[in-house]
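Engineer: Turn these sequences into a full structure, and let the hints guide you.
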Amino acid sequence: MIKLFSLKQQKKDGETTPRAGNQKKASAAQLRITKDINELNLPKTCNTEFPDPDDLLNFKLIICPDEGFYKTGRFVFSFKVGPNYPHEPPKVKCETQVYHPNIDQQGNVCLNILREDWKPVLTINSIVYGLQYLFLEPNPEDPLNKEAAEVLSSNRRVFETNVQKAMRGGYVGGIYFERCLK
Amino acid sequence: MGDCQDSGQKRWDHLRKVLERPGPFCHPDFEPSSDILDFIMTACKVLVVGAGGLGCEVLKNLVLMGFKQIHIIDMDTVELSNLNRQFLFRRKDIGCSKAEVAADFINKRVSGCHVTPHFRMIQDYDDLFYREFHIVVCGLDSIVARRWVNGMLVSLLNYEDGVLDQTSVIPMVDGGTEGFKGNARVILPGMSACVECTLDLYPPQITYPLCTIANTPRLPEHCIEYVKVVQWPKENPFRTLLDGDEPQHVSWIYEKSLERAAQFNIPGVTYRLVQGVVKNIIPAVASTNAVIAGICATEVFKIATSCCVPLNNYLVFNDVDGIYTYTYEAEKKENCLVCSLIPQTITVKDPTKMKLKEIYTLLTDSAQYRMKRPGLTTNINGKSKTLYLTALRCLEEKTRPNLSKTLEELGLSDGSEILVVDDTSPNTMIIRLKYLSGDVEMN
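Sequences listed follow chains H and C, in order. So for the first sequence, the UniProt record's numbering puts the first residue at 1; every next one is plus one. So for the second sequence, the UniProt record's numbering puts the first residue at 1; every next one is plus one.
These are computed hints drawn from the structure, not numbers from a lab. Please note: incorrect hints may appear among the correct ones.
Result set (DSBU-like, lysine-lysine): computed pairs, CA atoms no more than 35 Å apart in a straight line [said to hold, decoys possible]:
1. Lys385/C - Lys93/H
2. Lys60/H - Lys383/C
3. Lys434/C - Lys333/C
4. Lys228/C - Lys146/H
5. Lys357/C - Lys372/C
6. Lys91/H - Lys181/C
7. Lys60/H - Lys385/C
8. Lys434/C - Lys357/C
9. Lys302/C - Lys333/C
10. Lys80/H - Lys398/C
11. Lys119/H - Lys332/C
12. Lys71/H - Lys228/C
13. Lys398/C - Lys71/H
14. Lys228/C - Lys165/H
15. Lys165/H - Lys234/C
16. Lys234/C - Lys182/H
17. Lys165/H - Lys60/H
Treat the numbers as computed from the prediction; the structure is a model and nothing was measured.
Structural biologist: Below, the structure is given as structure tokens:
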């Protein structure tokens, strides 16, 4: 331990006029996301898009599965990384309409590490792999789209046809899906 | 009444016993003296961040311990629900700035005291403001704000040839409470564990699996969370973002949550619960605040006077059932994203000629760095700028033209900092540019 300041050292009252937006330092969230992105190791089925390369906090992830039910599809996810990253997970939405038991019509994604199981040691890479896994193994146990989940657990063949129909653009169960083939 | 006379008053006798005599718990460097009391009364500048439950207590404690040069900052206004514990506020103050009301109350009540209020966000001020203070003490309810203050104080550190200049250290005392639990810690930026080193200690926000709230709700909270997360964005009833302080918004959530709860036969949805879930309200307990604020003020006193070795460095407190407290030393994280960064200086002869590529090559080729594929970013006028990132093809393509631009063209100036990340190190590196431009005479 040190004696931090001598008694003689006086701090003077300076100008305390606010100078908003003059922050010279990167925030902790900014530092962390830069690191995450530099360490991103994307599988060959994934790609990213940064509308503004200076803004690393907002970007899109594009997944084109090369096997499973969703092969030949193209799905876009938006990532919004908040100021409290990595204490809080990024907000991830699916921007492509998809017939999937774990993704709903509003683009909400049911992936445990995006909500209840998020931990600061996880990275953007963990989420990318989590999302990719959802397309390989849709999980009917924890559904967001209940109808899709019921079809998947009762008849995989029908589920597969439904997925195909939705990806080509068309109605499944009264809901219209836009075409999202690669 | 002059300050010298004031420190001679009888009311400070108890402090003199501690400050003017040696003792077994003193800091090794402690020299008893009557100057110390004068120092805390006239020169020592303390910043209190937050004028809420903890802030009111801390402020009161500090002024009654002799501190007079205190600044207090808070962006919030007084609300009715604050009055049971934030004792510097009265009913008439509702709607007024917490910082201003608190400062006013103290200045009137305690003679010779000069509290300066700042009705602002902490982010409104820059390093020039924070540099003024000897000690910063935080009573906040937000992790983002803590991280921000922590980052600011770390950024004020000076390094000379990689060695920390200890006079640039501004200690941070941080208190926090949640119901009957609390913690207090002392952070010596650059020397001991900082907020970012121990980020994973903060409890995660309570969240429920999306599929549960969507399909198998069992708790009233599940119903409220569903309306908040799914129904609000879908129906967007007021064409704006959800605001937990807007009674209309809360009422809407309340009604929809009731409907959903009825559907699933779940009892227990109340307006209060809705408020709690929407705003993530953590119940505040006055006694916990008082204990934690007492510890924080004592630490400020110990650091300012050296009359006792400060807390080392993390204390947890729990009075749910009896009283429990435990203190341990949180360790500095070697690769902490914030406090492990030691800036290295690169001298630039002519920023109108030197290109970014030269810096990049230096990082990859020089024996000192030998990086694999460094990513370079910076901050210009508060806006982040990606200089060059190779990890992703789309970013590499967009930022490649920067390599052939000069430092001046990129908007970098003397003293600018470039952040460098690379696979070869878990740490981010900071490069500070030092211009040796011709128009400034070197002494």
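Engineer: Are the hints correct? Go through all of them and say.
Structural biologist: Comparing the hints with the structure gives:
The suggested pairing of Lys385/C with Lys93/H holds, with an alpha-carbon distance near 25 Å, which does not exceed 35 Å. In summary, the hint linking Lys60/H to Lys383/C is supported, as the alpha carbons are separated by about 20 Å, within the 35 Å threshold. The straight-line distance between the Cα atoms of Lys434/C and Lys333/C is roughly 29 Å, inside the 35 Å bound, and the hint therefore holds. Restraint check for Lys228/C and Lys146/H: the C-alpha separation of about 20 Å stays at or below 35 Å, so the hint holds.
Between the alpha carbons of Lys357/C and Lys372/C the distance comes to roughly 15 Å, so the proposed pair stays at or under 35 Å and holds. Between Lys91/H and Lys181/C the CA atoms are separated by roughly 30 Å; this keeps the pair inside 35 Å, and the hint holds. The straight-line distance between the Cα atoms of Lys60/H and Lys385/C is roughly 18 Å, inside the 35 Å bound, and the hint therefore holds. Taken as a hint, the Lys434/C and Lys357/C pair is honoured in the structure, with Cα atoms around 17 Å apart against an allowance of 35 Å.
Under the criterion of a C-alpha separation no larger than 35 Å, the hint pairing Lys302/C with Lys333/C is consistent with the structure, at around 25 Å. Of the supplied pair hints, the one linking Lys80/H and Lys398/C holds, its CA atoms being roughly 20 Å apart against a limit of 35 Å. Distance hint between Lys119/H and Lys332/C is fulfilled; the C-alpha atoms sit about 20 Å from each other, no more than 35 Å. Annotation: proposed proximity of Lys71/H to Lys228/C holds, straight-line Cα distance about 34 Å (limit 35 Å).
A distance of roughly 29 Å separates the Cα atoms of Lys398/C and Lys71/H; the hinted pair therefore holds under the 35 Å criterion. With a C-alpha separation of about 32 Å, the suggested pair Lys228/C and Lys165/H falls inside the 35 Å cut-off, and the hint holds. A C-alpha spacing of about 25 Å is found between Lys165/H and Lys234/C, which places the hinted pair at or below 35 Å, so the restraint holds. Distance hint between Lys234/C and Lys182/H is fulfilled; the C-alpha atoms sit about 28 Å from each other, no more than 35 Å.
Between Lys165/H and Lys60/H, the direct Cα distance comes to roughly 25 Å. Compliance with the 35 Å bound is thereby established for this hinted pair.
Hint violations for this structure: none, all hints satisfied.
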